Structure formats: structure tokens, C-alpha cells
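Residue numbers (this note's numbering), protein chains in the order written: chain Y, 1 to 422; chain X, 1 to 250.
In short, the hints are calculated from the structure, not lab data.
Heads up, a few of these hints could be off.
[Unchecked claim] 27 Å max Cα-Cα, derived BS3-like pairs, lysine-lysine:
id, chain 1, residue 1, chain 2, residue 2
1, X, K229, Y, K173
2, X, K84, X, K2
3, Y, K173, Y, K235
4, Y, K336, X, K2
[To be verified] Okay, the calculated beta carbon distance ranges per label pair:
id, chain 1, residue 1, chain 2, residue 2, range
5, Y, M3, X, R81, 22 to 30 Å
6, Y, G290, X, I156, 20 to 28 Å
7, Y, H296, X, K2, 35 to 43 Å
8, X, E215, Y, H296, 17 to 25 Å
9, Y, C333, X, R175, 22 to 30 Å
10, Y, E261, X, F176, 56 to 64 Å
11, X, H183, Y, E324, 19 to 27 Å
12, Y, D134, X, H129, 40 to 48 Å
13, Y, S191, X, Q153, 42 to 50 Å
14, X, Q153, Y, E390, 33 to 41 Å
15, Y, V193, X, E215, 33 to 41 Å
16, X, R175, Y, H296, 50 to 58 Å
17, X, N117, Y, R24, 48 to 56 Å
18, Y, H296, X, Y115, 45 to 53 Å
As the structure is a prediction and not an experimental result, all values here were calculated from the model.
Built from N, CA and C at the ideal position, the CB exists for glycine as well.
Listed below, chain by chain, are the residues.
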Amino acid sequence: MKMRVELDVHHLTRVEGHGNIVVRVRDGKLQEARWDVVETPRYFEAILKGKHYTMAAPLTSRICGICSLGHQLASLRATENAFGITVPPAAEKLRLLAKHAETLQSHALHVFFLAAPDFFAVPSVLPLVETHPDLVQTAVRIKGAANYLAKEVAGRAVHPVSLHVGGVQAIPKDLRALRDAMSHALEDLRSVVPVFQQIELPDFKRETEFVSLEANGSYPWIGGNVVSTDGVKKKEEQYLEVTNEYLDKHNTSKWAKLSRESYAVGALARFNNSSHRLEPEAQELAKLLGLQPVSHNPYHNNIAQLVECVHVVIESIRLIDELEEMRGEPTMCEVKPVKGQGVGAVEVPRGILFHHYTYDAEGRIKKANCIIPTTQNNANIHHDMSDLVEWSVERGKNSQEIELLCSMLVRAYDPCISCSVH
Amino acid sequence: MKYLGIEPKVLRIGVFDFTGCEGCELQLANKEDSLLAFLTAIQIVNFREISSDLGQNYDIALVEGSITRSDEFARIIKIRRQAKVLVALGSCACFGGVNAQKNAFNLVDVNREVYGNSPRETLPARAIHEVVQVDMEIPGCPVNKEEVERIVQHLIWDIPWSFPAYPVCLECKQRFTTCAFEHGQLCLGPITRGGCNAPCPAGGTGCWGCRGPTEEPNYQEFFTLAREKGFTDLEVSERLAFFGGFEGVK
Chain Y
1 MKMRVELDVH HLTRVEGHGN IVVRVRDGKL QEARWDVVET PRYFEAILKG
51 KHYTMAAPLT SRICGICSLG HQLASLRATE NAFGITVPPA AEKLRLLAKH
101 AETLQSHALH VFFLAAPDFF AVPSVLPLVE THPDLVQTAV RIKGAANYLA
151 KEVAGRAVHP VSLHVGGVQA IPKDLRALRD AMSHALEDLR SVVPVFQQIE
201 LPDFKRETEF VSLEANGSYP WIGGNVVSTD GVKKKEEQYL EVTNEYLDKH
251 NTSKWAKLSR ESYAVGALAR FNNSSHRLEP EAQELAKLLG LQPVSHNPYH
301 NNIAQLVECV HVVIESIRLI DELEEMRGEP TMCEVKPVKG QGVGAVEVPR
351 GILFHHYTYD AEGRIKKANC IIPTTQNNAN IHHDMSDLVE WSVERGKNSQ
401 EIELLCSMLV RAYDPCISCS VH
Chain X
1 MKYLGIEPKV LRIGVFDFTG CEGCELQLAN KEDSLLAFLT AIQIVNFREI
51 SSDLGQNYDI ALVEGSITRS DEFARIIKIR RQAKVLVALG SCACFGGVNA
101 QKNAFNLVDV NREVYGNSPR ETLPARAIHE VVQVDMEIPG CPVNKEEVER
151 IVQHLIWDIP WSFPAYPVCL ECKQRFTTCA FEHGQLCLGP ITRGGCNAPC
201 PAGGTGCWGC RGPTEEPNYQ EFFTLAREKG FTDLEVSERL AFFGGFEGVK
């Protein structure tokens, strides 16, 4: 059969930000398949120049509404590394707890509200409110618990206000209520597992390189070496040797590459590199849902996100218990600006985020660089798409099915597009 | 469903994003205790970030972000034509927001800093009201979802809405938050519009003025206070310029 496909998806729906899908198949042969990010640039790196160190985190927070907390943590880490500051242990735990709140909120939003409608063949979560009320109410509760945790620890879920250079404002007063919220979230997560056991994801694979942070004895979140499934291992401050950014004429987002033409970051990359560091219950859930390292199926990112939700909730409960024991300990330390530079790498929901600042002696930024997870994923999505279209054509999929598969592919990466352009 | 014998209007709402972080749109999906009730009270007909169903039949357009590229002009003009009521959502839409900080630089240099020798198209960031007529502005970075809910309720029942006339300062007093100045922090609370419930000073961060000026701000007294507390004119002017809500204030 001589097959012809012409897809022009302008501003793909159910993703953060603006990107287009272009696919051309003539006589059953792939002519082109593109993922074009057309988001308007905001030039954050240029705006950061000359800014005082106290403005860096509030400003870079605005790079992204969904992972604003992660941006603040990477920004604070870069500044603190430049100034040679180590925050008090209680602050470190509070920051990780806030980080977990964001991961849970972001993953829940993506899995249940943005990706799930495809699993049920509906245009959005809104029809599911009627047809699957239990699932939607459970999802809303999980997301609510995550935002409650973020609000109590970081002052606000979107653009937090309690994370400062030198530490965190305070240990929340009512830790017991936070613990209860996380225990309920864990029950809620367990209750949705059967729904995901029934979901059949496309059986598409493309071998690629998965890049994530590596933590000492735990699943990676804040700082550490950068590692890949192709055997790369670099220090946090050597990040430029990992990201190797370059420009593509169809994109306002930059592209990145390491050992191959592209690489992937995010929940699946973290899982592929560090699954053995997950909480036992999260590891079992992965097994139950058929997720094994190294998975080269990009759609599995949704499953990895659910597995990480279970992990962060269990770890949050432990952190809350540890913080209860640390009441009265300092959460802030003294800050003195020092001339120099620092890198902060943090695993935010969609993958590794790097902030890098060079400071003058007054604590004003001379140069700034921010490399966003979706920036690192965009080339990988693009290359996946060519293979996916060929794979689909071989299986006799029609134009409509190919459009859905391509849209689901992009959504699987949970792209944060405005963030990737910044 | 009637309420006290009156049928509430079901507002058809479209949500649109321009240059920004989409955090205000995310706020619409937050405040989970009332989220399902909120979604039941209105009819979302076009909200690209959460739905593939892109209907063109909307009464109210909630618009996030600022205008920074020529293609955005055509898009906002089309939305303006379709909408009975156009609401600017968040500081980027109301004042240009943090995006407008780039306007203080030479845009050629700004482009070179990020894209080297392959510049991308960009214009000075504009608030929505600088491009089309805006019927209502809900400031905040991000917007306060509780306030958005109250405004939507007012629209449903045709009750005129007005923002608080008092500054953020008053809400700190209501919450028993110690004054940020007492912690040695600069705070725009005395001159910034209230209604956010002052989350920033409570979290240890002085107000950054994301909601723009309060009614009748006393700038002279504020500048005197800031100087007395040891803040330089540069620190004050940088803070005032952060979200673009105090343009021209010196």
C-alpha cells in the first residue's frame, strides 16, 4: 500500500508550552518527522547579568511555573557552591522534602491529568470526572497532598517564598499533619495501581543514552555526579561536557547531545540508572507494572513517574520523622558573597537541571547559564519521532493513529517547553 | 441546578498562554479542596495546557503571559474578538512581569548572550493592555487561586468586583506576621495592592510587589522608610522594577 501522511500539529495540547509536530510520509516512506519547539524566548541568562545574589532564585523561579521549586533549589545550590556555603543539616532535609513535594505534584499532574486522557481515549481529564470519578478524586487528593506539603515547607507551591540562600525559613510547626497527608497519599497511590496494570502502552523502543545524577547510597535528587547508561561519569561542575548544547534552525530551544546524537533525562533516566536505589515498595511496583532497567521505551516514562511518586512519598515520611527529632536546630546559616563561580545540579521532575553563576566580590552575577531538562530531551524526542513514524508505517497505522502516537510520545516526556526555551 | 431559585450562569471559559511560565494556569488546577467544584461551576471550552478539545465558543478569555513576538499579536487580537470579557491573568499579562526586565537591555546584546550569532525574533515585552483592550486584570506572580475563584463567582452572579484598596501590609498584621523590615528585609508591602494574603513575608521574604501599586500609595514615605532602614536607592529601584507593576515610580 502506498501510504501518505501529512501531519501539522500546531501547538500540541496537554503539554506545558508551545511545540509543533510535523510529519511527512510519501509512498510509505518517511520524508521527515520533526518536533519543533516554537516557544517565545525570555532571555533569562541575559536578565540575570548584574543581579544581586538575593534576586537569582526569585528570578529563575519564574522560568517555570511547574518546576519553580526545582529552579530555586538549583539556583540556591549554584550560589552556595560559589560562596563556599554548606547549609545546616535540617535545611538540607527540608529542601529535599520540598523537592519531593514538587516531584509528587508534578508527576501526579502529568500522569493523571495530562497523559491519562490518552489511555482512556478522551480529550481531557474533564470527561473522566463523570466516567471515572474515583480515579479523578484520588488523583486530586494526591496532588492536593503534594501541594500542601510544598506550601508548609516552602511557603507556597508555585514560586515558593521560604527557600533562601543559606537555608530554609523554618521547620513547619505541624509535622504530624504533614506525615498524615503523606500516609494518605501513599494509600491513594496504592489504590490506583490496578488502573495502571490495565493500561497498555505502545510497544515502541529506540535505543538511546539515559543521563541522570548519581547519589551516594540513595536515589539521586540534589547534587552528585552526572552518569549515563553509556558509561559516562562527570562531576557536577563538568556539566558542560555532558550537555554540549547546539542550535537547530527549527527550534527556539537549544538541543543537547553526549555520546550519541541525543540523550534523555527524567524519571525513566533516573530509573534506568538508579532503580536499585528506590524504596523496596517502589521497586516492586516497577516489577508489577513490567518496568525493568534499562527500558528504551519512551512511553515507560509515565510508569517511572508513578514508581517515583511511591518512592518520594515513603522517603518524605522518613524525612518528616527525622525533622521531628531535629526541632530547635538551625535552618539558616550566615551568607557572605565571595568572588567566584558555582554550579547547582538538581533532579527536577523532568530530569537534571543545571544552574551556573559567576559572581563578582559584591555578590552580583557576571555570567549565568541555565540548562533545562526539556532542553536536553528535545533532540531525543525529535529523533524518537522519526523512528516512531517508521515503526507505525510498518505496522500499517493510519494517519490519525500516527498523530496520536506522536502526540503521546511528546507527552510521555512531560515536556516543560517554556522552561526549555526560557 | 438552581440556587435559592436562581439559575446560575454557566460561563464558557477559554484559557490562553503567551510569553510566561504558565504558573498562573497551573494555579487554576491547584487549590484541590475546591477544584472539582470550581470545574463544575464553569465550562472550560478551550484550555490547551490541559485539554485537546479546543472550542472557539467562549465568553471569558483568561490570558496569561506577555506579548513578545509578532505572531503573538495576531493570536491575542483573534482571542479579543471572540471573547466577551478578556481577563489578564497574572503579573506578566498585567504589567509585562519579569519578562519586561529584558526591556532595560539592548535586545541585540540580549540575543547574542543567549543565541550567539543566530538571534531569534523578540520584541520588547508588553502587557496585554498595551496590545488589546482588557476588561479586568488579576495581578500576582502567581495569581492567588482563592481570589480567582471569588472573581469567577462574582462573574457568575453578576456582582461587581473590586480589589482591596489596602496594601499587603494590612494582611501581614491580620496574620500576625512580624514585619519584614524588622528582619532586616526590604519589603514593598506598604505600597503593594493587598488581596494575596501576604504569603511572602510569612515565608521570610519581603514583598516584591507582584500585584502592583495599592490605591493611593505613599511613595515618599516609603522611600524615606527604606532609606532609614539602610536600603540603597539601587536596591529599592531594582525591587520596584522586578515585576513591572511600578513602572515610572522613582
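### Query
Any hints this thing doesn't respect? Which numbers, in order?
1, 3, 4, 5, 6, 7, 8, 13, 14, 15, 17, 18
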